[in-house]
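Protein chains in written order, with the numbering used here: chain A, 1 to 342; chain B, 1 to 328.
Everything labelled a hint here was simulated from the structure, so no lab data went into it.
One or more of the hints may lead you astray.
Unchecked claim - No more than 20 Å apart at the CA atoms, straight line, and that leaves these computed lysine to aspartate or glutamate pairs for DMTMM-like:
| id | chain 1 | residue 1 | chain 2 | residue 2 |
| --- | --- | --- | --- | --- |
| 1 | B | K99 | A | E115 |
| 2 | B | K140 | A | D28 |
| 3 | A | K30 | B | E68 |
| 4 | B | K279 | B | E6 |
| 5 | A | K210 | A | E264 |
| 6 | A | K338 | A | E238 |
| 7 | B | K140 | A | E29 |
| 8 | B | K279 | B | E224 |
| 9 | B | K280 | B | E294 |
| 10 | A | K332 | A | E238 |
| 11 | B | K173 | A | D62 |
| 12 | B | K144 | A | D28 |
| 13 | B | K325 | A | D171 |
| 14 | A | K268 | A | E216 |
| 15 | B | K173 | A | E58 |
| 16 | B | K173 | A | E36 |
| 17 | B | K140 | A | E58 |
| 18 | B | K325 | A | E115 |
| 19 | B | K279 | B | E23 |
| 20 | A | K267 | A | E216 |
| 21 | B | K144 | A | E29 |
| 22 | B | K41 | B | E315 |
| 23 | B | K27 | B | E47 |
| 24 | B | K144 | A | E58 |
| 25 | A | K336 | A | D219 |
| 26 | B | K140 | A | D62 |
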Amino acid sequence: MTQVKAKNRKLTIARAMAESIAMEMREDEKVFLMGEDIGELGGVFGNTRGLYTEFGAERVKDTPISETAFIGAAVGAASDGMKPVVELMFVDFFGVCFDAIYNMMAKNTYFAGGEINVPMVLMTSTGGGYSDGGQHSQCLHATFAHLPGMKVVAPSNAYDAKGLMTAAIRDPNPVIFMFHKALQGMGWLGTEKEAIVDVPEEAYEVPLGKAAITREGADVTIVGITSGVHHGLKAARELEAQGVSAEVVDLRSLVPLDRETVIESVKKTGRLIVVDEDYHSYGMTAEIIASVSEVGVPMKAAPQRVAYPDIPIPFTPVMEQWALPSADKIVKAFAKMKETEK
Amino acid sequence: MTPSQEQEIWMYQHMVISRFFEESIEKIYMEGKTPAFNMAKGPIPGEMHLSNGQEPCAVGVCAHLNHEDIVVSTHRPHHIAIAKGVDLMKMTAEIFGKKTGLSGGRGGHMHIFDANVNFSCSGIIGESVGVAAGAALSRKMQGKPGVAIAYLGEGAANQGAFHEALNLASVWKLPVVFVIEDNAWGISVSKQASTAVKHNSDRAVAYAMPGVHIPNNDPIQIFEKAGEAIERARRGEGPTLIEIETSRLAGHFMGDAEAYRPAGEKEHLTETDPIPAFKKRLQERYQWTEEQDEALRAQARETVDAAIQFARDSEYPAPEEALEKVFV
Numbered sequence: 001m002t003q004v005k006a007k008n009r010k011l012t013i014a015r016a017m018a019e020s021i022a023m024e025m026r027e028d029e030k031v032f033l034m035g036e037d038i039g040e041l042g043g044v045f046g047n048t049r050g051l052y053t054e055f056g057a058e059r060v061k062d063t064p065i066s067e068t069a070f071i072g073a074a075v076g077a078a079s080d081g082m083k084p085v086v087e088l089m090f091v092d093f094f095g096v097c098f099d100a101i102y103n104m105m106a107k108n109t110y111f112a113g114g115e116i117n118v119p120m121v122l123m124t125s126t127g128g129g130y131s132d133g134g135q136h137s138q139c140l141h142a143t144f145a146h147l148p149g150m151k152v153v154a155p156s157n158a159y160d161a162k163g164l165m166t167a168a169i170r171d172p173n174p175v176i177f178m179f180h181k182a183l184q185g186m187g188w189l190g191t192e193k194e195a196i197v198d199v200p201e202e203a204y205e206v207p208l209g210k211a212a213i214t215r216e217g218a219d220v221t222i223v224g225i226t227s228g229v230h231h232g233l234k235a236a237r238e239l240e241a242q243g244v245s246a247e248v249v250d251l252r253s254l255v256p257l258d259r260e261t262v263i264e265s266v267k268k269t270g271r272l273i274v275v276d277e278d279y280h281s282y283g284m285t286a287e288i289i290a291s292v293s294e295v296g297v298p299m300k301a302a303p304q305r306v307a308y309p310d311i312p313i314p315f316t317p318v319m320e321q322w323a324l325p326s327a328d329k330i331v332k333a334f335a336k337m338k339e340t341e342k
Numbered sequence: 001m002t003p004s005q006e007q008e009i010w011m012y013q014h015m016v017i018s019r020f021f022e023e024s025i026e027k028i029y030m031e032g033k034t035p036a037f038n039m040a041k042g043p044i045p046g047e048m049h050l051s052n053g054q055e056p057c058a059v060g061v062c063a064h065l066n067h068e069d070i071v072v073s074t075h076r077p078h079h080i081a082i083a084k085g086v087d088l089m090k091m092t093a094e095i096f097g098k099k100t101g102l103s104g105g106r107g108g109h110m111h112i113f114d115a116n117v118n119f120s121c122s123g124i125i126g127e128s129v130g131v132a133a134g135a136a137l138s139r140k141m142q143g144k145p146g147v148a149i150a151y152l153g154e155g156a157a158n159q160g161a162f163h164e165a166l167n168l169a170s171v172w173k174l175p176v177v178f179v180i181e182d183n184a185w186g187i188s189v190s191k192q193a194s195t196a197v198k199h200n201s202d203r204a205v206a207y208a209m210p211g212v213h214i215p216n217n218d219p220i221q222i223f224e225k226a227g228e229a230i231e232r233a234r235r236g237e238g239p240t241l242i243e244i245e246t247s248r249l250a251g252h253f254m255g256d257a258e259a260y261r262p263a264g265e266k267e268h269l270t271e272t273d274p275i276p277a278f279k280k281r282l283q284e285r286y287q288w289t290e291e292q293d294e295a296l297r298a299q300a301r302e303t304v305d306a307a308i309q310f311a312r313d314s315e316y317p318a319p320e321e322a323l324e325k326v327f328v
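Modelling step: build the complete structure from the supplied sequences, incorporating the hints.
This is how it looks when you write it as structure tokens:
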């Protein structure tokens with residue numbers, strides 16, 4: 001994977017998102033922002049910091065608490081030639097406005113036979129692990145990826161965050177941009193340090209629908225997205241100490257899904273572990289395993305999934321921490337896998 | 001703001017085309033669905049929501065609009081589409097599910113999109129209001145002319161989306177007009193049984209915009225009040241809510257036995273059919289002759305028949321085309 005050469009400047013995902021949006025807003029006056037607290041506050045997650053100061057209230061619009069209205073409005077505005085970047089503050093809130101997302105944003109292009117575009121980005125926060133409870137901690141990757149008509153991306157680091165946001169804004173189709181709170185880098189939560197990476201100052205795109213091999217290996221493929229990638233990398237280091245070489249694949253996009261990269265990796269290693277902080281059943285882990293299995297890739301052992309149990313996310317830390325995927329669980333999954341091999 | 005003679009004839013003409021269209025569709029819809037009604041069968045499968053009686057709501061508003069203005073409509077869209085200038089041949093082909101339809105058959109009767117005249121509609125109650133507000137926002141931000149009209153039923157005024165969109169449109173002073181077609185029935189539940197207020201126009205005060213109540217499905221009153229609201233929007237003074245008490249001559253959807261309607265209601269509605277009433281007005285005001293009327297009707301008949309023939313003669317799309325046009 002070719003990377004744009006980065007100068008020595010590390011950014012958080014929050015800063016990278018804000019930088020991408022700012023650069024696109026400077027280039028294209030059609031790009032504008034809507035959401036709750038994305039204006040003067042700079043966003044609850046820091047992803048719109050500085051934009052209100054630079055572009056003002058006309059283009060950086062704080063909204064009332066009415067997701068159905070402003071996401072519906074984004075669909076209408078995008079259909080008329082604007083390029084809205086809208087925030088759904090927590091992905092868990094999708095319930096109040098999902099009609100505007102999956103029935104309109106995602107389907108209007110199809111219903112119009114391709115004659116209208118809906119070039120909007122819906123950015124939304126995901127992830128738990130900090131005791132925010134069952135309605136503020138979900139990932140819901142599969143919920144959005146499953147429904148036709150919307151692209152879905154989710155970066156694990158700041159370099160990809162800026163590139164994916166730029167590509168998403170420029171894409172004529174609707175794109176859901178999911179950012180994980182524990183990777184974000186904002187003042188009120190601890191941050192995964194490895195998400196903070198070198199980010200080029202110039203504009204660049206990371207293509208939608210292309211996974212990245214974050215770490216090359218030979219003995220097992222670990223596939224993840226957002227937080228799952230970091231658990232995978234930590235697990236890979238532990239496995240290395242045991243003499244096991246793990247390849248870590250960062251999906252980066254759920255729609256389009258880069259099945260080819262995963263399939264080629266499993267052809268090489270013969271073993272597959274999928275990591276997802278979203279719920280276990282009917283989700284991304286099943287999709288990856290099915291995608292590999294249905295093309296008949298030979299595997300040395302049964303594939304394993306490390307995902308969230310099928311329960312509402314509990315509040316008390318002892319429960320929540322127990323439920324979350326972790327590097328430790330991935331290492332244990334590999335051990336289990338080895339037990340089953342002849 | 002009274003309509004000119006030309007505008008009145010335009011309105012009458014489009015009401016007639018609309019009614020002929022709905023009556024034709026009604027007949028064709030029943031093809032293949034007898035003796036036992038099966039929605040899946042026939043050249044026009046699926047649901048069908050006809051607008052007989054509601055024509056004044058379409059013509060009275062659309063008489064003030066041009067192609068640049070945006071209209072977002074509902075699951076009962078035909079009369080509004082016709083008044084807005086949607087390509088009738090392609091719309092009919094779309095209703096028949098043909099390749100030559102506006103969306104190549106992907107949308108059907110409830111999802112009519114014509115980008116050339118900025119018309120769209122949706123099958124979900126309350127979806128129109130947010131989208132219309134957004135289109136209005138777009139024009140305002142781009143400094144381009146155009147107002148947006150959101151059509152909705154009186155039942156939709158109880159949906160959260162309605163309240164959110166009106167509030168947002170008012171806070172941001174958007175050039176949008178919300179037009180409620182109150183036909184008194186949300187499928188089988190009457191407005192009285194479902195709505196806390198007697199008039200939805202009274203709800204406008206909650207959103208700091210004018211609320212206009214039109215009690216009698218009169219195209220001229222609708223023309224006048226809609227004209228004021230649209231001019232207000234064009235001047236940048238913000239949104240208006242208009243509530244029109246219209247009449248749904250048909251059932252909610254085709255196949256609806258309408259047992260819930262009180263005895264005599266349908267007969268009364270037929271007596272107050274807006275089209276004969278309008279003809280009478282033209283006769284009184286402009287000495288509209290039977291010859292002129294027959295000529296107008298003949299042309300309307302031809303227009304509708306040509307659209308239906310085009311739809312019937314058109315090919316279906318190849319099945320695999322279903323995979324196309326998801327993304328551009």
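Legend entry - Holds or violated: K173/B to D62/A, with C-alpha atoms at most 20 Å apart: Status holds; Cα separation ~14 Å.
Legend entry - Pairwise hint evaluation, E29/A against K144/B, where the allowed Cα distance is 20 Å at most: holds (14 Å)
Legend entry - Pairwise hint evaluation, D28/A against K144/B, where the allowed Cα distance is 20 Å at most: With Cα atoms ~17 Å apart, K144/B and D28/A stay inside 20 Å; holds.
Inset, instruction - Mind checking the alpha carbons of K336/A and D219/A for me, to see if they're no more than 20 Å apart? - result: holds (14 Å)
Legend entry - Restraint check for K27/B with E47/B, where alpha carbons must lie at most 20 Å apart: At roughly 14 Å apart (the allowed maximum being 20 Å), E47/B and K27/B satisfy the hint.
Inset, instruction - Starting from K140/B, check that the Cα of E58/A is at most 20 Å away, please. - result: With Cα atoms ~10 Å apart, K140/B and E58/A stay inside 20 Å; holds.
Inset, instruction - Take a quick look at whether K210/A and E264/A sit within 20 Å of each other, Cα to Cα. - result: holds (13 Å)
Inset, instruction - For the pair we were handed, K99/B and E115/A, check the Cα-Cα distance against 20 Å. - result: holds (14 Å)
Inset, instruction - Could you grab the alpha-carbon distance between K280/B and E294/B and see if it respects the 20 Å cut-off? - result: holds (14 Å)
Inset, instruction - Below or equal to 20 Å on CA atoms is what counts here, so check K325/B against E115/A. - result: With Cα atoms ~9 Å apart, K325/B and E115/A stay inside 20 Å; holds.
Legend entry - Pair hint K30/A and E68/B, alpha-carbon separation not exceeding 20 Å: Status holds; Cα separation ~18 Å.
Inset, instruction - Take a quick look at whether K279/B and E23/B sit within 20 Å of each other, Cα to Cα. - result: holds (18 Å)
When the structure is compared with the earlier hints, no violation turns up for any of them.
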